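Take each chain as given, in its own frame, and dock them per the hints.
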Amino acid sequence: MLRLREDNEQATVEAACKGDSGALAGLYERYYATMVWVAYSVLLDRGLAEDAAQQAFATACAKMRSLRQLDRFGAWLATICRNAAQDLARARRRHAALQRIAAAEEPASSGSDGFDRVVKDAVDSLPPMYREVVVLHYYSGMSYQQIESVLGISGDVVKGRLARARKQIQVHLEKEGFRREQ
Amino acid sequence: MEHMYNEQDLEQAIRRTAPGDPPVPDFEAWQKRHAQAVSSLRRPVHKEMTDGPSGTWVIRFGGTLMRKRQVRFGAVAAVLLIAVAIVSLDRGTNIAWSMEQTIEAIEQIKTLYIEGTVVWPFGPKPGIVPFRFWVQPPTENSPLKMRGEVKNHVMIAKGDTVYECWSDTKTAQVQYGPAITDLKYWYQAAGLVPWVIREMPEMIQQYAQDWKQAIDRNPNTGKERILATCTYPPSNMSFLLVIDPASKLCYQAKLWGNLQHEGEPYIDAQKFVYNQEFPGELFELPADMMIINERDSKESRALFDQGENLFHQEKKYTEAMAIYWQVYDAYPKLNVAEEALMMIGLCHGRLGEHEKAINVFEKAIREYPHLKGWIDSTWFYLGGEYMDIEQKEKALEAFENCLKAGEGVRDPEKFPLKNAREAIAKIKGE
Numbered sequence: 001m002l003r004l005r006e007d008n009e010q011a012t013v014e015a016a017c018k019g020d021s022g023a024l025a026g027l028y029e030r031y032y033a034t035m036v037w038v039a040y041s042v043l044l045d046r047g048l049a050e051d052a053a054q055q056a057f058a059t060a061c062a063k064m065r066s067l068r069q070l071d072r073f074g075a076w077l078a079t080i081c082r083n084a085a086q087d088l089a090r091a092r093r094r095h096a097a098l099q100r101i102a103a104a105e106e107p108a109s110s111g112s113d114g115f116d117r118v119v120k121d122a123v124d125s126l127p128p129m130y131r132e133v134v135v136l137h138y139y140s141g142m143s144y145q146q147i148e149s150v151l152g153i154s155g156d157v158v159k160g161r162l163a164r165a166r167k168q169i170q171v172h173l174e175k176e177g178f179r180r181e182q
Numbered sequence: 001m002e003h004m005y006n007e008q009d010l011e012q013a014i015r016r017t018a019p020g021d022p023p024v025p026d027f028e029a030w031q032k033r034h035a036q037a038v039s040s041l042r043r044p045v046h047k048e049m050t051d052g053p054s055g056t057w058v059i060r061f062g063g064t065l066m067r068k069r070q071v072r073f074g075a076v077a078a079v080l081l082i083a084v085a086i087v088s089l090d091r092g093t094n095i096a097w098s099m100e101q102t103i104e105a106i107e108q109i110k111t112l113y114i115e116g117t118v119v120w121p122f123g124p125k126p127g128i129v130p131f132r133f134w135v136q137p138p139t140e141n142s143p144l145k146m147r148g149e150v151k152n153h154v155m156i157a158k159g160d161t162v163y164e165c166w167s168d169t170k171t172a173q174v175q176y177g178p179a180i181t182d183l184k185y186w187y188q189a190a191g192l193v194p195w196v197i198r199e200m201p202e203m204i205q206q207y208a209q210d211w212k213q214a215i216d217r218n219p220n221t222g223k224e225r226i227l228a229t230c231t232y233p234p235s236n237m238s239f240l241l242v243i244d245p246a247s248k249l250c251y252q253a254k255l256w257g258n259l260q261h262e263g264e265p266y267i268d269a270q271k272f273v274y275n276q277e278f279p280g281e282l283f284e285l286p287a288d289m290m291i292i293n294e295r296d297s298k299e300s301r302a303l304f305d306q307g308e309n310l311f312h313q314e315k316k317y318t319e320a321m322a323i324y325w326q327v328y329d330a331y332p333k334l335n336v337a338e339e340a341l342m343m344i345g346l347c348h349g350r351l352g353e354h355e356k357a358i359n360v361f362e363k364a365i366r367e368y369p370h371l372k373g374w375i376d377s378t379w380f381y382l383g384g385e386y387m388d389i390e391q392k393e394k395a396l397e398a399f400e401n402c403l404k405a406g407e408g409v410r411d412p413e414k415f416p417l418k419n420a421r422e423a424i425a426k427i428k429g430e
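Protein sequence lines, in the order shown, are assigned to chains A and B. Mapping to the working numbering: the first sequence position 174 is 174, numbers consecutive. Mapping to the working numbering: the second sequence position 87 is 87, numbers consecutive.
None of these hints come from the bench; they were simulated from the model. Treat the numbers as computed from the prediction; the structure is a model and nothing was measured. Be a bit skeptical, because a hint or two may be false.
Listing some non-contacts, in silico: residues in chain B with all C-beta distances to chain A over 12 Å [to be verified]: (1) 240; (2) 258; (3) 274; (4) 354; (5) 397.
The list that follows gives simulated cross-link-like pairs (lysine-lysine, BS3-like), each with its CA atoms no further than 27 Å apart [said to hold, decoys possible]: (6) 223/B x 212/B; (7) 316/B x 175/A; (8) 315/B x 167/A; (9) 414/B x 404/B; (10) 428/B x 394/B; (11) 110/B x 158/B; (12) 414/B x 394/B; (13) 167/A x 356/B; (14) 175/A x 356/B; (15) 428/B x 167/A; (16) 316/B x 159/A; (17) 18/A x 158/B; (18) 63/A x 18/A; (19) 170/B x 315/B; (20) 363/B x 298/B; (21) 363/B x 18/A; (22) 63/A x 158/B; (23) 356/B x 394/B; (24) 159/A x 356/B; (25) 158/B x 170/B; (26) 414/B x 18/A; (27) 167/A x 32/B; (28) 426/B x 394/B; (29) 63/A x 32/B; (30) 363/B x 316/B; (31) 110/B x 63/A; (32) 159/A x 363/B; (33) 175/A x 428/B.
From the three backbone atoms N, C-alpha and C, an ideal C-beta is built for every residue, glycine too.
Here chain B stands alone, though its shape is the one from the complex (with noise of 0.2 Å):
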């Protein structure tokens, strides 16, 4: 026997399954049990950065940082370290400056832009390539923040989160302090940073060797310039540094793969601009990024296989849907919601149910227009729905938009542009 209800008695059947009575607060409660937890607000901010790492690990970094791929950007991080905190080196001999005039001019540094060269041995392509770095040290109320770009490549850190982006197909992935895994050694690099640590120069002084400083003036501006070279042995890595005499800060920095300062530098660091106001933008996930974090793309994949196999196996289309728009919802910033999208569509189309599935392609078409997955295709598919329903106007202009959607990233001699060639053949020759 069947029964009926209406929807006033569901929404109440829902609100009666509640279980227990509301929440209730107890924050005396709370704070006993985690007093842990609420002291760690009052102490004061990179606490725990007073301590500092041992010295040889400081340079180990260093040479780490040159065989991550994920963390050349972390190299240019390194050379700002090693040339700031070297040029504190009081060798005695020459007093042109000293560790305390630099700890205190690096104390006075509110942001450092560093541009120049780095040699880049990945993808098909290597070569050397430009670089820009950004870096804007910790306040009280505000994390220490760095951004670099090599290419299509883009590294945000920012307290303890880090975006890895990539301009070109417009993704990015975010990872958090505790998650951090292949990135920590750029992480790392955020919180080495000299002015985080006075004992830096100390510590480059007990582990650089063959030191070799000299004064002379610069031949293009004539200006005079403290020369300082150095190595470190056990990353065969060598340094030259080029220091003004009046400010005792940095403005050129060169860091070779080799301990004779011989071929081209790792990194060449042409030009450092100190103080510079940077807008807070600089180190916001950009907008237009899609993030396709490791975990949620195959948790997505794995939802969207169930809804393939349902739609292609089974032509379950009512079922397959549901489990697509479980895609869509979850996972509305992976590129795996426009092809959920056009997969909706193609349901509704096999349900006949031609109106649902034009609007959702218009939606895929609406959200996605950046992505170059199904934009093609959904195109096609909904030239196809248009057709269905007599609309050939409307069915070619989809054709046509297909084929601007796909040019230059499919064969066109393939589907879909292969396809709406000779749909739009078909609609111009009637």
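Chain A on its own, in the form it takes in the complex (with noise of 0.2 Å):
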């Protein structure tokens, strides 16, 4: 099953690399929601993250005819995605007041002693690599097959990396006088 669905998008990749416009809607409508969630965890600013995403499309566009290897599309537009991302917090100058400006806009549902705003303060203060993975696994509920496919990382290097997100995330809330049920 999974190697049509492999199949397929190697199809449809082709196909767009030739200018089908209905395979390269295919190829939006299937991984813009990642690619705004992989441009989140480097700006941590939702309507940012969507402008990242798009221009990354548009970039992907241009440069699609050199791609070396088409089943690898999902993790090429990703690191295309990350750089469209970070080119954005760099040019805007604003990487530093991200933090601050997405606490102030979206606080936290409330839990009853705060834990929710210190879980999402410890997400947003974990390095951008763990949080990408963070942040696709629970945000966008993707599996972690499905973060290996589209990162083309090895499914350990993700279990690795959420693993260590958890510890930090816990450290983090252990500071915060939250301490878990052994």
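Rendered as structure tokens:
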């Protein structure tokens, strides 16, 4: 089944390379949400993340003919998207302020003891590469295998990054007075 | 007061922190906003080359190639360029071939392989060394591909991507179109081969000087051949081309760094093979190469140094370990990842976590067996950990592996080889 999906995707990418707008629309539908979350993990701003994802698709169109491995379209697009997000962050010189803006605009839904707020702080303060897998897994609901495919990294690396991200979140929570039940 | 939570609470809380609703794609709106990008997919391949550069630029390009270390391969490309193009010059003194015939022949070329020698003035031992060069022209579905090999240096250009690899250290730099700077001449060479630009022969005709040509017989084979020579004074270069009258294509070429065709040629292309089938992996980044892009290298080292500070100055091993893991996770293909794993093992060791230290040292050895940076030290530290848990046989094996890994790489009288020998002696003496 998975093989079939990969074959279909390769054919879709190949058709898009030749200018088939239906195929391009298919890729856009399939990857847009994931790219928004990839960009969000860099920018911590939902609006900017949507801009970056859209820019990434535009850049991908311009470069699609140089794509070497059609079966790695997702990973290739994610790299472009991450770069677009980083460019956006640098260009607007808002990187340092992003976390504060995001926190001010989007207060976490209230847990009775501020647990959600502290969890959000912990997620936002993760290094981007850890935050990326957390965002894709928890916000986007992607499985390890899907993340592996999109980011072009092995399943073990995905698991390792998620485990270390959780560990860092737990350390953050502990400093704020939240202890995990054994 | 301390609050308790469980794994499920945490996972649910993380999900609740997602900002806004799930993103919804709107292709129509995006297409309107990025109409230009979408239309770029419908343009014919290599349309940007149809305008072509000016003739002066083409010739100047050849001269520039000779002065660039990274692109001496490109000089071979220039020979190819000039050799194949120049034979089509119709000087009127000989009608053995005509421009139209050669253009037609050029357009039939599916692949080209050249080998010969090149003057390599770089490094501790300048000299004349062999080169090999492969070219595959673009098709509707495949970009132009080129590969050159000189000594330990491999260059691969494919579409707008260039790999520069060093086979001895198994390292590579990767650059993409917009980022290509030092390699731009190589990249431009990739775009200049004559089947891309039909106007090239006319350009060469305009700028080459002292054109001479003659027909004789090859003393070895007795077959008729065309010899053509010319010069290009602004770049102080001269050329000799040997052409097959039957195919109208060049099969030998020489390029000198003077106008007199004197001394050792810069490039002596002794063999041209047309239309050979090339394996696809010829133009791929070799699987055993570690990518060491300058930017990544600086960033990874800066991050690694944070870990070093925590480890050596502040003695905060848990915090240092977190940084080293970040280095490993972010740059698994850089050499620094191997060093980071070794440091993580050392952190565990300092914290008394011997089993964890052993696991990480073994991971480093398993994942980076080909690297010569820290593997011998890692074997040494692994031996030390086995000593700490009283597993002397395994410790002995690790120390012996340290000696093997460091042989010919490290000074035998310094760490870790000297220490490994002492440790072995101590174990065997007991």
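Here is how each hint holds up against the structure:
1. 240: holds, 36 Å
2. 258: holds, 39 Å
3. 274: holds, 25 Å
4. 354: With a cut-off of 12 Å, residue 354/B remains clear of chain A, as the shortest Cβ separation is near 20 Å.
5. 397: Holds, since 26 Å exceeds 12 Å.
6. 223/B x 212/B: Distance of about 20 Å is within 27 Å: holds.
7. 316/B x 175/A: Roughly 17 Å between the alpha carbons, so the hint for residue 316/B and residue 175/A holds.
8. 315/B x 167/A: This hinted pair holds, its Cα atoms lying about 21 Å apart.
9. 414/B x 404/B: Satisfied, since the Cα-Cα distance of roughly 15 Å is no more than 27 Å.
10. 428/B x 394/B: Given pair residue 428/B, residue 394/B holds - Cα atoms ~13 Å apart, limit 27 Å.
11. 110/B x 158/B: Within the cut-off at roughly 16 Å; holds.
12. 414/B x 394/B: Holds, because 23 Å separates the two Cα atoms, which is no more than 27 Å.
13. 167/A x 356/B: holds, 16 Å
14. 175/A x 356/B: holds, 25 Å
15. 428/B x 167/A: violated, 43 Å
16. 316/B x 159/A: holds, 26 Å
17. 18/A x 158/B: Holds - the C-alpha atoms of residue 158/B and residue 18/A are around 18 Å apart, at most 27 Å.
18. 63/A x 18/A: holds, 12 Å
19. 170/B x 315/B: The hint is violated at about 34 Å.
20. 363/B x 298/B: holds, 24 Å
21. 363/B x 18/A: Distance of about 44 Å is beyond 27 Å: violated.
22. 63/A x 158/B: Roughly 13 Å between the alpha carbons, so the hint for residue 63/A and residue 158/B holds.
23. 356/B x 394/B: It holds: about 16 Å lies between the C-alpha atoms, which stays within 27 Å.
24. 159/A x 356/B: Distance ~18 Å between residue 159/A and residue 356/B Cα, so the pair holds.
25. 158/B x 170/B: holds, 20 Å
26. 414/B x 18/A: violated, 60 Å
27. 167/A x 32/B: violated, 44 Å
28. 426/B x 394/B: Answer holds: residue 426/B to residue 394/B is near 14 Å, not above 27 Å.
29. 63/A x 32/B: Measuring from Cα to Cα gives roughly 19 Å; hence the hint holds.
30. 363/B x 316/B: The given pair, whose Cα atoms are some 23 Å apart, holds under the 27 Å limit.
31. 110/B x 63/A: holds, 24 Å
32. 159/A x 363/B: Judged against 27 Å, a Cα distance of about 16 Å means the pair holds.
33. 175/A x 428/B: violated, 49 Å
Checked against the numbered hints given earlier, the structure breaks hints 15, 19, 21, 26, 27 and 33 and satisfies all the rest.
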